[in-house]
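Chemist: Protein chains in written order, with this note's numbering: chain R, 10 to 374; chain W, 10 to 374.
Be aware that a few hints might be false.
Treat identical chains as interchangeable: a pair holds within one or across any two.
[Claimed, not checked] Cross-link-like lysine to any residue pairs, in silico, SDA-like; alpha carbons within 25 Å at most:
1) K14 - L48
2) K329 - R239
3) K136 - L48
4) K55 - E276
5) K371 - R342
6) K14 - Q30
7) K240 - G320
8) K329 - P90
9) K142 - R109
Just so you know, these hints were derived from the structure itself, not from any lab.
Below are the chains, spelled out letter by letter.
2 protein chains.
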Amino acid sequence: MFAEKELLLVPGPTPIPPQVQRAMMRPIINHRCPAYEELFSGLQEKLKRLFAVTGEVFVFPASGTGALEAMVVNFLSPNEPVLMVSIGWFGDRFGEIAERFGADVTWLKLDWGTAATPEIVAEAMDKAPKPFKAVLLTHNETSTAVVNPVREIAKVVKERGASLLVDAVSGFAAMPLPMDEWQIDAVATASQKALMTPPGIGLVAVREEAWEAVERTQMPRYYWDFRLARKFQSHNQNPYTPPVTLLYGLDAALDMIFAEGAEAVFERHKRVRNLLRDGIRKMGLELFVPDDNIASCSLTAVKVPEGIHGGDLIRQLRNKYRIEVAGGQEHLRGKIIRISHMGYIHESDMLLTLEALRYAIKDLG
Amino acid sequence: MFAEKELLLVPGPTPIPPQVQRAMMRPIINHRCPAYEELFSGLQEKLKRLFAVTGEVFVFPASGTGALEAMVVNFLSPNEPVLMVSIGWFGDRFGEIAERFGADVTWLKLDWGTAATPEIVAEAMDKAPKPFKAVLLTHNETSTAVVNPVREIAKVVKERGASLLVDAVSGFAAMPLPMDEWQIDAVATASQKALMTPPGIGLVAVREEAWEAVERTQMPRYYWDFRLARKFQSHNQNPYTPPVTLLYGLDAALDMIFAEGAEAVFERHKRVRNLLRDGIRKMGLELFVPDDNIASCSLTAVKVPEGIHGGDLIRQLRNKYRIEVAGGQEHLRGKIIRISHMGYIHESDMLLTLEALRYAIKDLG
């Protein structure tokens with residue numbers, strides 16, 4: 010039993026819906042022809058609608074890490090003071106990329122499992138000797154399953170005149186993030202999370218008001234150059250070969266999201282999260298993030314019960330129950346498991362997961 | 010007639026074989042699990058075999074342009090003198106990327122339609138005031154359908170102690186390029202050319218002897234960092250999410266290449282090229298590159314007959330005969346058409362193409 014049918018619950022890649030799978034089977038086409046331009050025109054329109062942005066959504070053959078690097082080299086200049094608000098492993102990496110490219114990074118590192126607050130960001134900005142040109146922030150911290158209050162933080166960042174660059178790789182399309190309304194200057198995400206498409210597309214949305222900052226940036230860039238991309242995208246083209254089959258998939262995924270309704274998709278993510286969290290609590294297990302107000306709707310971190318190692322639990326879930334979940338990173342290795350529920354995930358998947366988790370823990374004594 | 014079934018003959022993306030298509034339909038998996046590590050281990054082995062290299066083959070979610078940028082930022086340092094040997098549009102772009110990142114580029118620009126020679130490269134190297142740290146060379150120039158004598162040029166470059174970085178985006182797997190034997194330090198290519206896989210994978214092979222150069226480079230880098238990639242690839246992992254479904258496809262494509270035999274694949278490309286070139290000549294049309302010795306086996310450029318505009322010929326082939334070919338770039342726009350025959354292309358495709366071309370020209374008077 011439990012052979013063959015696997016349930017993939019890691020925070021990317023996430024399961025691919027049959028509609029997306031089918032779309033990617035369409036014969037490949039020339040990316041310099043009218044049929045491609047029609048596809049890409051529709052795709053840009055749908056993406057702008059989902060990002061809720063007046064501006065541009067840049068589409069790169071890349072992973073989410075590439076999308077982060079693209080924000081860094083298009084918004085920052087060497088030696089420019091920037092604030093990195095990090096609440097976990099992926100925040101640390103975002104800041105590391107900025108440091109590699111010579112930005113003058115001030116770190117606001119908060120405890121893993123907590124969220125940032127507008128007050129703490131305002132304080133860090135106000136006490137800085139030189140005003141920060143930009144604030145780098147994680148929307149959904151995948152290593153801890155915490156979501157930051159981006160709307161409130163954006164307010165204090167914009168009041169202080171800095172650019173706000175948001176890593177929403179694992180949060181976008183799972184939780185609301187309307188860019189224009191919240192005044193977020195740039196948002197990076199990737200295809201293989203809540204966008205339900207295989208990995209290979211990195212996306213960066215830039216709101217119109219932020220474009221000036223891109224024009225004045227001094228970092229060397231070619232592949233990630235938003236100025237070059239904008240020139241091509243304005244006539245529904247790309248500077249170099251786009252990942253055509255993956256774009257077919259993304260286009261179908263966006264159609265699914267709008268057919269369900271973006272708000273309904275966010276509601277479903279919340280419902281699925283609540284169902285899982287309730288079940289975990291009822292089972293007597295402990296949530297790594299007890300506070301529902303900062304608990305991610307993309308994934309949930311569960312403390313591994315005393316006497317069991319996280320690695321064993323992951324292997325038991327994989328090998329016996331065919332459910333693939335993720336472990337903890339750094340000091341959380343072996344101590345938590347992370348169950349993703351972003352994208353093509355529904356209540357039934359969580360019922361199965363809860364039951365399998367109960368069995369697996371029993372198996373391990 | 011001629012509805013529905015399209016023949017894609019642009020120099021990337023190229024047609025996807027059913028075997029590759031099927032492989033990409035496999036359910037997606039976690040990239041941090043044993044099943045992925047098994048896939049990636051096999052893939053690395055096959056890639057090293059095809060590049061004929063002792064060293065590393067780095068796999069990026071990227072286009073071919075990304076693979077070129079990766080070579081630049083891992084091999085060059087700001088203000089370092091390098092020689093760009095350009096024989097066309099893609100050579101110009103390779104050099105532009107190096108300039109963007111601050112390399113001190115000396116240009117050896119040759120006429121479009123000609124190939125570089127070892128003598129001319131040796132002369133440029135010998136007369137340089139400061140010795141070049143690296144020579145940047147195109148294997149197959151896609152804009153003109155010319156292949157450079159890489160083996161002979163490598164010899165003079167290595168005798169003079171410079172690194173040799175080769176853009177083989179549209180030549181790799183269509184024509185021989187054994188890295189160790191020819192002493193090529195780095196080769197960049199991409200999935201959507203002779204590798205018969207959809208776009209989205211950028212590849213850079215680095216031979217073992219060249220590793221020292223990578224270690225001393227001063228360019229800022231994170232996404233493209235070979236040092237980071239090598240650390241992860243040594244245990245069959247990647248620093249960030251790889252394009253899993255495309256890697257399934259690439260793995261199947263490599264199996265096809267080795268089943269046919271790499272030498273047999275090169276022979277087929279030559280046979281297909283010869284068949285097309287003979288047919289073009291017999292039809293009374295003119296080849297843009299008359300000399301068979303420098304004519305690419307990946308694609309062929311044909312002069313558009315007097316009185317016809319290239320754009321019209323391309324549209325006629327597309328709309329009536331369902332054959333998609335490429336036009337000329339820059340000053341060759343409207344003057345040539347480029348017919349790709351790399352990857353999953355066989356003699357029958359060229360017979361059809363010749364016949365359709367004959368009809369299309371007749372249609373246009």
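Chemist: Hint by hint, note whether the structure agrees.
Modeler: Hint-by-hint comparison with the structure:
1. K14 - L48: between (33 Å within a copy, 19 Å between copies)
2. K329 - R239: This pair counts as neither: shortest intra-copy Cα distance 49 Å, inter-copy 33 Å.
3. K136 - L48: neither (48 Å within a copy, 51 Å between copies)
4. K55 - E276: Answer is within; shortest intra-copy Cα gap is 20 Å, inter-copy 46 Å.
5. K371 - R342: Intra 21 Å, inter 70 Å, cutoff 25 Å: intra-copy only.
6. K14 - Q30: Both, since 17 Å and 21 Å are each at most 25 Å.
7. K240 - G320: Only across copies: K240 and G320 sit 22 Å apart there, 48 Å inside one copy, limit 25 Å.
8. K329 - P90: Close neither inside one copy (51 Å) nor across copies (59 Å); limit 25 Å.
9. K142 - R109: Both ways: K142 and R109 sit 17 Å apart in one copy and 24 Å across, limit 25 Å.
Checked against the numbered hints given earlier, this structure breaks hints 2, 3 and 8; the rest are met.
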